[in-house]
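Using the sequences and the hints, build the whole thing.
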Amino acid sequence: MAKLFASLLIGAVFGLGIAISGMANPAKVLNFFDVAGAWDPSLIFVMGGALVTTALGYRLVFGRRQRPLFDAEFHLPVNKAIDTRLLAGSATFGIGWGIAGFCPGGAIPALGFGGVTVIVFTGAMMIGIVLARSLDGLRRKTGKPF
Amino acid sequence: METSFTPYMSLAGGVLIGLSAVLLMAVNGRIAGMTGIIAGIIPPFSADWPWRIAFLLGAILAPVLFLSAGGAIPYAVPVSLPLLAFGGLVVGVGVYFGAGCTSGHGVCGVARLSPRSIAATLTFMIFTGLTVYVIRHVLGL
Chain A
0 MAKLFASLLI GAVFGLGIAI SGMANPAKVL NFFDVAGAWD PSLIFVMGGA
50 LVTTALGYRL VFGRRQRPLF DAEFHLPVNK AIDTRLLAGS ATFGIGWGIA
100 GFCPGGAIPA LGFGGVTVIV FTGAMMIGIV LARSLDGLRR KTGKPF
Chain B
0 METSFTPYMS LAGGVLIGLS AVLLMAVNGR IAGMTGIIAG IIPPFSADWP
50 WRIAFLLGAI LAPVLFLSAG GAIPYAVPVS LPLLAFGGLV VGVGVYFGAG
100 CTSGHGVCGV ARLSPRSIAA TLTFMIFTGL TVYVIRHVLG L
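Order-wise, the sequence lines are chains A and B. Using numbering that gives the first Met the number 0, the first residue of the first sequence is number 0, and each one after it goes up by one. Using numbering that gives the first Met the number 0, the first residue of the second sequence is number 0, and each one after it goes up by one.
None of these hints come from the bench; they were simulated from the model. Among the hints, erroneous ones may be present.
[Said to hold, decoys possible] Selected chain A positions facing chain B (in silico; Cβ < 8 Å): (1) 8; (2) 13; (3) 14; (4) 24; (5) 27; (6) 72; (7) 125; (8) 133.
[Said to hold, decoys possible] According to the in silico footprint, chain A covers these stretches of chain B (three or more CB under 8 Å from chain A): (9) 13 to 22; (10) 41 to 51; (11) 65 to 76; (12) 85 to 98; (13) 101 to 108; (14) 122 to 131; (15) 134 to 140.
Cβ coordinates follow ideal geometry from the N, Cα and C atoms, glycine included.
Below, the structure written as C-alpha cells:
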C-alpha cells in the first residue's frame with residue numbers, strides 16, 4: 000500500500016512537471032522543433048532542468064543506497080545494443096511525434112484536461128504498441144513489456 | 000500558431016520531471032519511462048502492474064488538481080483528429096521497437112550517459128525535427 004501511494008505521488012510530480020513545462024502542449028512542442036518557423040525554444044529548459052536534476056539525483060541514489068525503498072534491486076536496462084531495431088524504432092517514434100506533437104509522457108498528463116484530441120492520440124498509441132507487440136510475437140511469449 | 004517563450008515555467012517543469020525520475024528510482028528502483036510504464040498495463044499485464052496504474056493515475060490527476068486550484072496550463076492542438084490518430088499509431092509502433100521515448104531514453108537514459116539512450120534520443124529528435132519541417136515548410140500543412 001505504501002508503495003502504491005508513493006507511486007501515485009511520484010506520478011503526480013511527473014504529471015505536474017509535464018503540464019507546467021509545456022510538454023503536454025502540442026502547439027508548443029511542435030514550435031520547439033520548427034526552427035525554420037515559429038520557433039519556441041522553451042523545451043530546451045525542460046530538457047536542461049530534467050537532465051541536470053536526474054543526473055545529480057541518480058548519483059545520490061546510487062551512491063547512498065544498495066537497493067530501492069520498496070524493491071529488492073534497481074531495475075536498470077541490460078540491453079546495451081545500438082542496433083537497427085533501436086534506431087528504426089526511434090526514427091519511427093520521431094516521425095509520429097512530429098506529426099502529432101504528443102509523446103507518451105506528454106500525452107498521459109493531458110488526459111484529464113485535454114479532451115478528445117489527447118484521448119484519440121493515446122488510444123491510437125496504445126493500439127500501435129499492441130500492433131508492434133503482435134508483429135514482434137517472439138518477444139511477446141517472454142511476457143516482458145518489450 | 001505562435002506560443003510564448005516560457006523559460007522559468009519550463010525549467011521548473013523540467014526540474015519536477017527530473018525529481019520524479021529520481022524518486023521513482025529511489026523508491027521503486029525503476030526508470031521513469033512512460034513507454035515502459037504504459038506497456039506494462041496493456042494486456043498481457045506485467046506482474047507489477049499496480050504501481051504503474053498508481054503512477055499513471057497520479058500523472059493524470061495532478062494537472063487536474065493544479066487547474067482546479069487556479070493554475071494555468073496552456074494547451075492547443077494544431078493537428079487534425081485523423082492526423083493525431085495516425086501519429087499516435089506511429090508513436091506506439093516506434094516506442095515499442097525503440098524501447099523508450101522522451102522520458103525513458105531522453106531524460107533517464109541520457110542522465111545515466113547510456114550510449115544506447117543517447118543514440119535513440121539523437122535519432123528521434125532529428126526525425127521529429129525533419130517531420131515538422133516537411134509538414135510545415137514542404138507540404139505546407
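- prompt: Holds or violated: is there a CB of chain B closer than 8 Å to the CB of residue 133 of chain A?
  reply: Cβ of residue 133 of chain A sits 10 Å from chain B, so the hint is violated.
Minimum beta-carbon distance criterion (8 Å), residue 24 of chain A to chain B: Given a least distance of 5 Å, the restraint on residue 24 of chain A holds.
query: Quick check: the stretch 13 to 22 of chain B, covered by chain A? Criterion 3+ residues, Cβ under 8 Å.
result: holds (count 10)
- prompt: Does residue 125 of chain A pass the interface hint, meaning its C-beta sits closer than 8 Å to a C-beta of chain B?
  reply: Holds: closest Cβ of chain B sits about 6 Å from residue 125 of chain A, inside 8 Å.
field: Coverage claim, chain A over the stretch 65 to 76 of chain B, checked by counting residues with Cβ within 8 Å (three needed)
entry: With 8 residues in contact (Cβ-Cβ under 8 Å with chain A), the coverage given for the stretch 65 to 76 of chain B holds.
Interface hint status, residue 27 of chain A versus chain B (Cβ within 8 Å): The hint holds - residue 27 of chain A has a Cβ within 8 Å of chain B, the shortest such distance being about 4 Å.
- request: Tell me if chain A covers the stretch 101 to 108 of chain B under the three-residue, 8 Å CB rule, please?
  value: Held - the stretch 101 to 108 of chain B has 7 residues with a Cβ nearer than 8 Å to chain A, which meets the minimum of three.
- request: Hold the hint about residue 13 of chain A up to the distance rule: shortest CB distance to chain B must be less than 8 Å.
  value: Hint on residue 13 of chain A: holds, closest Cβ of chain B at ~4 Å, below 8 Å.
message: For the stretch 122 to 131 of chain B, count the residues whose Cβ lies under 8 Å from any Cβ of chain A; is that count three or more?
response: With 10 residues closer than 8 Å to chain A, the stretch 122 to 131 of chain B meets the three-residue bar; holds.
query: Does the interface hint hold: is residue 8 of chain A within less than 8 Å of chain B, judged Cβ to Cβ?
result: Holds. Min distance 6 Å.
- request: Count the residues of the stretch 134 to 140 of chain B whose CB lies closer than 8 Å to any CB of chain A, then report whether that count reaches three.
  value: holds (count 3)
message: So, as I understand it, the hint says residue 14 of chain A touches chain B; can you test that by seeing if any CB pair is closer than 8 Å?
response: holds, 3 Å
Taken one by one, the earlier hints fail for this structure only at number 8.
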